[in-house]
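K.L.:
What follows is the residue order along each chain.
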Amino acid sequence: MDIMSFQDLFRQEATRREVLTTGHVVPEPERCVQCGICSYNCPIGIDVRGHVWQGRAVKDSHCLTCGECVARCPRGVLSFQRTNLFDGRTK
Amino acid sequence: MRYVIIGMGVAGIAAAEAIRRQDSTGEIVLVGDDPHGFYSRPGLAYYLSGELSDRQLFPYAAQDFHKLNLRYVKGRVTRIYPVEHQVDVDRHGRLDYDRLLLAVGSTAVRLNTPGADLEGVVKLDHLDDARRIVKMARRAKTAVVIGGGITALELVEGLVARGVRVHYFLRGECYWRSVLDEEESQVILQRLQDDGVRIHFCTEAAEILGKRGRVVGVRTADGRQIKCKLVAFAIGIRPRTELAQAAGLDVERGILVNEYLQTSAADIYAAGDAAQVFDPLSGRSILDSLWGPARDQGYAAGLNMAGQQTAYVKSAPFNVTRLAGLTTTIIGTVGRGQDEDLLGIARGDSETWRQLPDAIVAQSGFDVNRLRLLVGEKRLLGAIVMGDQTLSMPLQKMILTGVDITPIRSKLLAPNAPIADVIADYWTQWRKEHASQQ
Numbered sequence: 001m002d003i004m005s006f007q008d009l010f011r012q013e014a015t016r017r018e019v020l021t022t023g024h025v026v027p028e029p030e031r032c033v034q035c036g037i038c039s040y041n042c043p044i045g046i047d048v049r050g051h052v053w054q055g056r057a058v059k060d061s062h063c064l065t066c067g068e069c070v071a072r073c074p075r076g077v078l079s080f081q082r083t084n085l086f087d088g089r090t091k
Numbered sequence: 092m093r094y095v096i097i098g099m100g101v102a103g104i105a106a107a108e109a110i111r112r113q114d115s116t117g118e119i120v121l122v123g124d125d126p127h128g129f130y131s132r133p134g135l136a137y138y139l140s141g142e143l144s145d146r147q148l149f150p151y152a153a154q155d156f157h158k159l160n161l162r163y164v165k166g167r168v169t170r171i172y173p174v175e176h177q178v179d180v181d182r183h184g185r186l187d188y189d190r191l192l193l194a195v196g197s198t199a200v201r202l203n204t205p206g207a208d209l210e211g212v213v214k215l216d217h218l219d220d221a222r223r224i225v226k227m228a229r230r231a232k233t234a235v236v237i238g239g240g241i242t243a244l245e246l247v248e249g250l251v252a253r254g255v256r257v258h259y260f261l262r263g264e265c266y267w268r269s270v271l272d273e274e275e276s277q278v279i280l281q282r283l284q285d286d287g288v289r290i291h292f293c294t295e296a297a298e299i300l301g302k303r304g305r306v307v308g309v310r311t312a313d314g315r316q317i318k319c320k321l322v323a324f325a326i327g328i329r330p331r332t333e334l335a336q337a338a339g340l341d342v343e344r345g346i347l348v349n350e351y352l353q354t355s356a357a358d359i360y361a362a363g364d365a366a367q368v369f370d371p372l373s374g375r376s377i378l379d380s381l382w383g384p385a386r387d388q389g390y391a392a393g394l395n396m397a398g399q400q401t402a403y404v405k406s407a408p409f410n411v412t413r414l415a416g417l418t419t420t421i422i423g424t425v426g427r428g429q430d431e432d433l434l435g436i437a438r439g440d441s442e443t444w445r446q447l448p449d450a451i452v453a454q455s456g457f458d459v460n461r462l463r464l465l466v467g468e469k470r471l472l473g474a475i476v477m478g479d480q481t482l483s484m485p486l487q488k489m490i491l492t493g494v495d496i497t498p499i500r501s502k503l504l505a506p507n508a509p510i511a512d513v514i515a516d517y518w519t520q521w522r523k524e525h526a527s528q529q
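Chains as they are written, first to last, in my numbering: chain A, 1 to 91; chain B, 92 to 529.
Calculated directly from the structure, the hints in this document are not laboratory data. Check before you lean on any hint, since a few could be wrong.
[To be verified] In silico lysine-lysine, BS3-like type, Cα no more than 27 Å apart, as pairs:
(1) B:158 / B:232
(2) B:488 / B:469
(3) B:158 / A:59
(4) A:59 / B:469
(5) B:318 / B:302
(6) B:523 / B:469
Just so you know, these numbers come straight off a predicted model, no measurement behind them.
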């Protein structure tokens, strides 16, 4: 691995951590078919599917941003995005 | 005001939500004969593959129904009287309505191969079907899957995940020929073969063989016999139009509705799989069998029923699915022609995908990350994104809003063009330029 790609990797990892700490799980509702895999795999039982149905980001204070729902969704509905806590919309 | 909604699928529920949003006091009566009520039909695939428990398939909890303040009548509507504004409900008698919604869905086309009524011949159309397959897969070592489209692959992959050896019959040499191109089909079929699926090209089932009423094998048209205990089929769906037809409503392949989801009879609306919706853009009436449009149509129908005139604007059809483990997004117009493995439309399908005007195909990528674009004169007409989904959202927006691609058209059509990079760069630039309008 050359130095450039190592730096890229480091930057990617730093960005990933930043998103995990400052971001929320944000849905793209039109991709969703309400199968419920997200809620099923949430370790603390957040109704992720319900958020998607209403087109809302998961701003539950209990959300660990562990990424289980994002990774398990078979249709790529969910992603981590930095969100503005105060206006309720994704940036 | 009494609103009667027939059907408890996503179109019916979305209509109830829209009505309640507009009218807090009107009476909403939901009539349905599905013992399971509202559940995610597309989610059955994930239940079959073992990624999900069947208890998880229900998006609505009791309090969600409570919030809508609706009356549920469990029963089957046997007749509609459009002039009298009444419906007959089995075992409940006659019910008056002011506005009626037909959100009755669609049903799987039956296999008419001899032996199709044997025990062990299954479809994936309903939660009961999925439960039956899960139960049977415990005993069956081998299964034959017949058909095309998304549902056939859901059956193949679900059975493989449950340890069943699967023989997949295709009438031709490609999978889902009407939507995928040859290479895409090849990618999918190769991945299935890598998972141990035995694919039988140019093969048709001539007879399902049985013993004491149960499946023991399949005889093919060219005389081969394959032993199996399970035969699963997915050869298309048919909108449920019987009620509408009997009531004298205009029906083609589905129940015909205008852009306000109104049928030919006063105060009767239709939405979802059962509806054949007028699309002002193409001037044609189109069938979709997709969760998203069903929800949108149901919602628009509900608003119209409650007096807020709202046209249903058909957007570019869009579906995300997983084909042989590859997340695949299909947007706009991507394919052409007929599919010999399907009769009519398949679940997760839209007729728009095959209404191909003159478009040039540009492609890039390899095996698991593939991108195919259908490039029109000034805009993108369709896209298939397989594997990496980074570009699916930008492409969806570009196709949906008809973004002018004149500046990049020649780049996209250049031989061996890095089309993913061209799109990504153009999208970034386009968004910056249009940020103030978004």
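K.L.:
If a hint holds in the structure, say so; if it doesn't, say that too.
P.N.:
Hint check results:
| no. | hint | in the structure |
| --- | --- | --- |
| 1 | B:158 / B:232 | violated, 47 Å |
| 2 | B:488 / B:469 | holds, 15 Å |
| 3 | B:158 / A:59 | holds, 22 Å |
| 4 | A:59 / B:469 | violated, 40 Å |
| 5 | B:318 / B:302 | holds, 12 Å |
| 6 | B:523 / B:469 | holds, 20 Å |
The structure shown violates the earlier hints numbered 1 and 4.
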